[in-house]
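Colleague: Take a look at the letters that make up each chain.
There are 4 protein chains.
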Amino acid sequence: MKRNKHKIAIVGASGFTGSELTRLLASHPEVEIKHITSESHAGKAFSELHPQFLNIVDLTLEKADIIDTADLDIIFLALPHGVSMEFVGRWKDKNAKIIDLSGDFRLRSPAVYEAWYQKKHSFQEGFSNAVYGLPELTGEKVKSSQLIANPGCYPTASILSVAPLFANKLVENDTLIIDAKSGLTGAGIKASDTTHFSNVNENFKPYGIGSHRHTIEIEEQLSTLCEEGVTVQFTPHLLPVDRGILVTSYAKPKNEIDSEQLRKVYDDFYQEHPFIRIRDKAPSLKDVRGSHYCDIYPFWDSRTKRIISIAVIDNLLKGAASEAVHNMNLMLGIDQQTGLKQIPLKP
Amino acid sequence: MKRNKHKIAIVGASGFTGSELTRLLASHPEVEIKHITSESHAGKAFSELHPQFLNIVDLTLEKADIIDTADLDIIFLALPHGVSMEFVGRWKDKNAKIIDLSGDFRLRSPAVYEAWYQKKHSFQEGFSNAVYGLPELTGEKVKSSQLIANPGCYPTASILSVAPLFANKLVENDTLIIDAKSGLTGAGIKASDTTHFSNVNENFKPYGIGSHRHTIEIEEQLSTLCEEGVTVQFTPHLLPVDRGILVTSYAKPKNEIDSEQLRKVYDDFYQEHPFIRIRDKAPSLKDVRGSHYCDIYPFWDSRTKRIISIAVIDNLLKGAASEAVHNMNLMLGIDQQTGLKQIPLKP
Amino acid sequence: MKRNKHKIAIVGASGFTGSELTRLLASHPEVEIKHITSESHAGKAFSELHPQFLNIVDLTLEKADIIDTADLDIIFLALPHGVSMEFVGRWKDKNAKIIDLSGDFRLRSPAVYEAWYQKKHSFQEGFSNAVYGLPELTGEKVKSSQLIANPGCYPTASILSVAPLFANKLVENDTLIIDAKSGLTGAGIKASDTTHFSNVNENFKPYGIGSHRHTIEIEEQLSTLCEEGVTVQFTPHLLPVDRGILVTSYAKPKNEIDSEQLRKVYDDFYQEHPFIRIRDKAPSLKDVRGSHYCDIYPFWDSRTKRIISIAVIDNLLKGAASEAVHNMNLMLGIDQQTGLKQIPLKP
Amino acid sequence: MKRNKHKIAIVGASGFTGSELTRLLASHPEVEIKHITSESHAGKAFSELHPQFLNIVDLTLEKADIIDTADLDIIFLALPHGVSMEFVGRWKDKNAKIIDLSGDFRLRSPAVYEAWYQKKHSFQEGFSNAVYGLPELTGEKVKSSQLIANPGCYPTASILSVAPLFANKLVENDTLIIDAKSGLTGAGIKASDTTHFSNVNENFKPYGIGSHRHTIEIEEQLSTLCEEGVTVQFTPHLLPVDRGILVTSYAKPKNEIDSEQLRKVYDDFYQEHPFIRIRDKAPSLKDVRGSHYCDIYPFWDSRTKRIISIAVIDNLLKGAASEAVHNMNLMLGIDQQTGLKQIPLKP
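Residue numbers (the UniProt record's numbering), protein chains in the order written: chain L, 1 to 347; chain G, 1 to 347; chain D, 1 to 347; chain W, 1 to 347.
Excised from the complex, chain L in its bound form:
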């Protein structure tokens, strides 16, 4: 007998993350999309908004507050920061588990949130049961969670690039520098000077120097790993490409190490995690584009006594949509790789 599929809803499908979630979930063998919502486009077909889905996903977009949540197993929130918290509060007593792709529940406390997001948090009790959903690090907790805070794109790549070092307490906790570079889709679908082609194309620049919100998210997770306070210098830059994040992380080891030992630390740490690939050479963005992989190249510079770790992900997938599906798989108790085996699209 055929197993019933799990029922899911995607709330907020007009942006890139919502569109990518829909792409993955429409092909996922164990779930059925019951609702896709968009406040500004309700009534239109999803494929009218995103014509690449014509004849594939033609569901009608609904308004979020009228969907029937009664029989849903999972609700994905692909909403802006500050909007997600409203829906988490509203639906807190429903049966459906929530995977929130915004930054609203990623940090340790409302106070930290308000300091870095400069915004009052309207559903503070959510912090008590939210689980930070980075499967390679927190997968066990994810399995039994009701509310997942899906990690930010930069934090996913940044944390994974150095997690083995911090978990093994091998590096200093106040000299880490993460120089990060992201494709433009990280800036969202909304038209602005930032996203104007002529400002991005053939161009490159840093932004948010010393103040980007993802800094604290990275610091908190690395602190949890090494059980000490961690200070990170995090500098994001904008690449003239659609997809992909590459981070170049510079860490100072407490004691000297060698290349072979370093490699073993990474191999051991990620041994059970099929979506992490430890590489022999520096990876490039396209090695993982369109996939759930995170490729990592740890390098020991014996001249400067510094560890450099390069990590690449697809920011819309491992840094957002496929990470959410990975979390969903864990929450539903199905094989974690289900629906996530897309081979990178290169070139």
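Accuracy of the hints is not assured; some may be wrong.
Since the list gives no way to pick out one identical chain from another, each pair is judged satisfied if it fits inside one copy or across any two copies.
What the hints assert, rightly or not - List time: in silico DSS-like cross-link candidates among lysine-lysine, alpha-carbon distance up to 30 Å:
| hint | residue 1 | residue 2 |
| --- | --- | --- |
| 1 | Lys-281 | Lys-63 |
| 2 | Lys-5 | Lys-92 |
| 3 | Lys-119 | Lys-305 |
| 4 | Lys-205 | Lys-341 |
| 5 | Lys-254 | Lys-205 |
| 6 | Lys-305 | Lys-120 |
| 7 | Lys-34 | Lys-190 |
| 8 | Lys-190 | Lys-281 |
| 9 | Lys-44 | Lys-205 |
| 10 | Lys-281 | Lys-119 |
| 11 | Lys-264 | Lys-169 |
| 12 | Lys-281 | Lys-205 |
| 13 | Lys-264 | Lys-44 |
| 14 | Lys-141 | Lys-7 |
| 15 | Lys-92 | Lys-252 |
| 16 | Lys-252 | Lys-305 |
| 17 | Lys-281 | Lys-120 |
| 18 | Lys-63 | Lys-44 |
| 19 | Lys-205 | Lys-264 |
Keep in mind the hints are simulated off the structure, nothing from the lab.
The hints should help you fit chains G, D and W onto chain L, whose structure is shown.
Modeller: Same frame as chain L, now just chains G, D and W:
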């Protein structure tokens, strides 16, 4: 009981087409890749050559002439023009059916081949049983064929853009102009001045004006459809993008038509063909990128009395690798959509 | 004794055209920029808006209606369609000559304007003395004009690509097809879905099929040349590059011609025009980027009996700002090449 | 009476640097190009090789060893590393001064050269009189030099980004990290896997981690400034753009500083240098593209107690060709800004 999978080989896997074939076939539920060959990289792992496949396809590359063809069902030839014909000749008596992605058997006769490819053909008898494998037009013949000439990328988009017009004898046969634009991957993986980033990036130019080999391929197929000689003005241009072909076809109708009639001609013609999508607006390259779809927008210009038809495909997929898999599905008698349901990757 | 410099104003400097005008005029040895205006940024330094001008052009932006026009020789209007006409009307009795870069006075009559721009024209008397300022064709008239309608970017490339054919009445007047491709800056500086990086990058599409306003501008100018009505099929496409237009023009000769004759027609027609370069091979966008050149490659296809002419320009320069400076030079009676000798920037 | 122009030769004009030198020098009011050489293209017109120069620079390319050096004032060597040294040796007794754009004489000694370039040096005596030609730092020495070692592109941006800090001995000399990103033209004009469009476009990756030759060049120059040994962690990355380098430099101050003090350090240091612009916000590549400017944004992060300095240049100009012209101006005793006032080309 589990059905046995069909056994296939991919001959020539160092290029883009071979790599894309491998990507599709590694995820295809009904086939098993037995051999992947590369003359220049034999002995290496496939994933060493194409690192995006690490931990996914790590098969060792072999030399083509030593693979055991005895138990193979299908052999894909992803080889340069002029090399394919050698292998077709060598393996003509094997059980395995051959799908040739080169241009060696696409034309009507050795004489036409030699005129347009300026090269002697070494296996002329192949022309007698080769079938031009454009499933939407020649699918029935493909099913029982032993040798498929997989269409060129430009001809796929070009022919599909106007096939309903020629099949219905609606347009003049000597005024068709096809202004075509292709992404750089059409030029292949080999480093050259043509593929140097600085010559392509932020640039655009036509090439092969009046003399491109795909001209005759288009003319022959359209002639077959309308049962008359057809002359085509075909002008290809090089776009600074990786993937995608867009053709702008200008046809002069024999009799006046209107928008609704025109749309109906296309809807009717492609009614049974799930990978052709007739659009209400002009499509863009990314609407089909990473997929097997061909999106077509037919437009009637009542001011100039001309039909303009826009078609887009992913040149490496519908224009090469996924077209080959589509042909394979037909030859193996399995559902034509198997392994080809990838949703376009956008953005 | 040092000659006094001519005094000019640039009205509307927040966009790409205004910025390019400023770049050219700031380096022009015979003029002095007295005013630069921007309604939305008045009070700021020009270099605050366009930081590439820091320490070079730090003039304060003014509101257009308060500048003193009394001692100005030339006023450039780099304003949107529909706004220019207001200023032309307001300043019609001033001494300053006006070069209008908008479409407001390019067409033959207010009626034609209103039909193609779907907008009421508020200064209809302007049409009586406006001169279409394409120096290679109308340079003599430009010299004595008070009001120049600076050509559109597409019309500049399109008209120049075939002007020798129409001026010599060599081609049919109702079968011309111009398939045009433009960089994104043609869409302007305003953020919109059209200009969002993710919609442009790695993408390509046609737009305005059968209805683009530049169609009538091209038709009118070619009609003037051949002294007959001309119908043009004009299809613009959007390229994922910043700058450049390439047009592929398809013309049917009345009588057969050969390659040598064709070349001579072009050489003769443009003999006195230093910014037109007749090429032996198809040019590419970067061959003229950052310069005032228009490179043209006329090709005779003896198989199809058709002439194909390829022309490339920098849309912001020869298609807008440098064209305006060229017109200015003619109006001021100085050497036409002054300030326009920039060598193309490639790569 | 008109002053005689200085006579120069460009040796090695087939690459990007040679082509850019020619572009600048052809427009330079005080010099005359007497010879342009290319071993592989001798006999062709320069504009046949670089068609953007058609009708502008049509000089015939010569072989280097046959040019008459007798009346030359300056010879530019735009040759590969290892080839330049041969010509410097051969022409050491000529009157002409030499500006060498290769890496052959940039380092302190033949021994250092051989360690980092893994190549025997064939003209070791050249080191004794070669001057490292970074005008803002070594301009006085340049004026009287016979042999200029023109800086590398990365070192130009890297050194300028932190020179005020090291010259004032404000920062630690063993914790500097320079995370650098360059456009593809830095890889040269030769076709290779590295320069293949499909490997660069939509991609990004680091290379030469821990071992790039420019590391030692940066270390030596900073050591000279602070009169102590300096160790630099230098990591270059390849951007999918034609032109531009952006460096993100992380320095640890010996004593705490504040934003205002930091800004003053930079303003004071570069006060006399018109091509350095200290910015209030992070610059982007296009702010300097096509120009000789280096824009720098120094930032004090009070949370991490670290100085971050962002610098951008056009790698082919300030990082190569215009730097060479700047050195030439100093050597010829003419105004240093002559021929270098191009305003950045943006967008």
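Colleague: Hint by hint, note whether the structure agrees.
Modeller: Each hint tested on the structure:
1. For a Cα distance limit of 30 Å, the shortest separation of Lys-281 from Lys-63 across copies, 26 Å, qualifies, whereas the shortest one inside one copy, 47 Å, does not.
2. Taking identical chains as interchangeable, the C-alpha atoms of Lys-5 and Lys-92 lie at most 30 Å apart only when both belong to the same chain, with a minimum of 23 Å there against 48 Å between chains.
3. Proximity of Lys-119 to Lys-305 under the C-alpha cut-off of 30 Å is restricted to the inter-copy arrangement: shortest distance 26 Å between copies versus 41 Å within a copy.
4. In the homo-oligomer, the alpha carbons of Lys-205 and Lys-341 lie at most 30 Å apart only across protomers (24 Å), although the nearest pairing inside one protomer, at 33 Å, exceeds that limit.
5. For a Cα distance limit of 30 Å, the shortest separation of Lys-254 from Lys-205 across copies, 28 Å, qualifies, whereas the shortest one inside one copy, 32 Å, does not.
6. Proximity of Lys-305 and Lys-120 under a CA criterion of 30 Å is satisfied inter-copy only: 29 Å between copies versus 43 Å inside one chain copy.
7. Proximity of Lys-34 to Lys-190 under the C-alpha cut-off of 30 Å is restricted to the intra-copy arrangement: shortest distance 26 Å within a copy versus 38 Å between copies.
8. Only between protomers do Lys-190 and Lys-281 lie at most 30 Å apart by alpha-carbon distance; the minimum there is 22 Å, versus 36 Å within a single protomer.
9. Proximity of Lys-44 to Lys-205 under the C-alpha cut-off of 30 Å is restricted to the inter-copy arrangement: shortest distance 23 Å between copies versus 37 Å within a copy.
10. Proximity of Lys-281 and Lys-119 under a CA criterion of 30 Å is satisfied inter-copy only: 25 Å between copies versus 42 Å inside one chain copy.
11. For the identical chains of this complex, Lys-264 and Lys-169 are intra-copy neighbours only, at 15 Å inside a copy versus 40 Å across copies, given an alpha-carbon limit of 30 Å.
12. Taking the shortest alpha-carbon separations for Lys-281 and Lys-205, both the intra-copy value of 26 Å and the inter-copy value of 10 Å come in at or below 30 Å.
13. Taking the shortest Cα distances, Lys-264 and Lys-44 sit within 30 Å of each other only across copies (24 Å), while inside one copy they are farther apart (52 Å).
14. Only within a single protomer do Lys-141 and Lys-7 lie at most 30 Å apart by alpha-carbon distance; the minimum there is 22 Å, versus 43 Å between protomers.
15. Taking the closest pair of Cα atoms, Lys-92 and Lys-252 never come within 30 Å of each other, the shortest separation being 43 Å inside a single copy and 47 Å across copies.
16. For the identical chains of this complex, Lys-252 and Lys-305 are neighbours both inside a copy (7 Å) and across copies (17 Å), given an alpha-carbon limit of 30 Å.
17. Proximity of Lys-281 to Lys-120 under the C-alpha cut-off of 30 Å is restricted to the inter-copy arrangement: shortest distance 28 Å between copies versus 45 Å within a copy.
18. In this assembly of identical chains, the alpha carbons of Lys-63 and Lys-44 lie at most 30 Å apart only when taken from the same copy (11 Å versus 43 Å across copies).
19. When the C-alpha separation of Lys-205 and Lys-264 is checked against a cutoff of 30 Å, the pair qualifies only between copies, where the shortest distance is 23 Å, while the shortest distance within a copy is 35 Å.
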